[in-house]
Amino acid sequence: MKITLPEKFVKEPTGFPFSPALIVEGKEIVATSGIVCEDYDGQIPEDMESQARNTILACEAALREAGCGLENVFNVEVYMSNLDQWGDFNKVYKEMMPDPKPCRKALQVGLLPGYLVEVVMWAVK
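Take 4 as the starting number for the sequence shown in our numbering and just add one per residue.
These aren't lab readings, by the way, just hints derived from the structure by calculation. Among the hints, a few may not be true.
List of simulated lysine-lysine pairs, DSBU-like, C-alpha gap at most 30 Å [what the hints assert, rightly or not]:
(1) K128 with K11
(2) K5 with K94
(3) K14 with K104
(4) K128 with K14
(5) K104 with K11
(6) K128 with K5
(7) K97 with K128
(8) K128 with K104
(9) K108 with K11
(10) K94 with K14
(11) K104 with K94
(12) K128 with K94
(13) K30 with K108
(14) K108 with K97
(15) K30 with K97
(16) K97 with K11
(17) K14 with K108
(18) K30 with K128
(19) K30 with K5
(20) K30 with K11
(21) K14 with K97
(22) K5 with K97
(23) K5 with K108
(24) K94 with K108
(25) K30 with K14
(26) K104 with K5
(27) K128 with K108
(28) K11 with K94
(29) K104 with K30
All of these numbers come straight from a predicted model, not from anything done at the bench.
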């Protein structure tokens, strides 16, 4: 498995926490369902940073069950109930996601009550 940036983006980084394009070499693709957060007590945290962290950890756990991890992710879909909280999500995302950062899209959508974010990840084994 190998995920690399096209040469142009290696020489001229965008400065954003995502890659405009990635070259993905591998044998199997792993996709998560839309994953939301719950803490260890089955409660939904009220703040975006906690939800973002727990959601990414839940995605990582699902990926590990399929034989890969965050380092294998090449595409992330982020669904948020309010894009005004993008900075809070991005703060956690930058900490947790390894380089090269996956390609990414974010959309504002209606989510189930209490949830601020839902994430789908695509990885290669």
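Evaluation of the provided hints:
1. K128 with K11: Within the cut-off at roughly 25 Å; holds.
2. K5 with K94: 26 Å, holds
3. K14 with K104: Roughly 15 Å separates the two Cα atoms, so the pair holds.
4. K128 with K14: Status holds; Cα separation ~27 Å.
5. K104 with K11: 15 Å, holds
6. K128 with K5: 9 Å, holds
7. K97 with K128: 22 Å, holds
8. K128 with K104: 17 Å, holds
9. K108 with K11: At roughly 21 Å apart (the allowed maximum being 30 Å), K11 and K108 satisfy the hint.
10. K94 with K14: 25 Å, holds
11. K104 with K94: With Cα atoms ~13 Å apart, K104 and K94 stay inside 30 Å; holds.
12. K128 with K94: 27 Å, holds
13. K30 with K108: Holds, at roughly 24 Å.
14. K108 with K97: The hint holds at about 14 Å.
15. K30 with K97: Cα-Cα ~27 Å, so holds.
16. K97 with K11: 22 Å, holds
17. K14 with K108: Given pair K14, K108 holds - Cα atoms ~23 Å apart, limit 30 Å.
18. K30 with K128: 6 Å, holds
19. K30 with K5: Status holds; Cα separation ~10 Å.
20. K30 with K11: 25 Å, holds
21. K14 with K97: Judged against 30 Å, a Cα distance of about 21 Å means the pair holds.
22. K5 with K97: 21 Å, holds
23. K5 with K108: With Cα atoms ~22 Å apart, K5 and K108 stay inside 30 Å; holds.
24. K94 with K108: Cα-Cα ~16 Å, so holds.
25. K30 with K14: 28 Å, holds
26. K104 with K5: Answer holds: K104 to K5 is near 13 Å, not above 30 Å.
27. K128 with K108: 22 Å, holds
28. K11 with K94: 26 Å, holds
29. K104 with K30: Distance of about 20 Å is within 30 Å: holds.
In summary, this structure violates none of the numbered hints.
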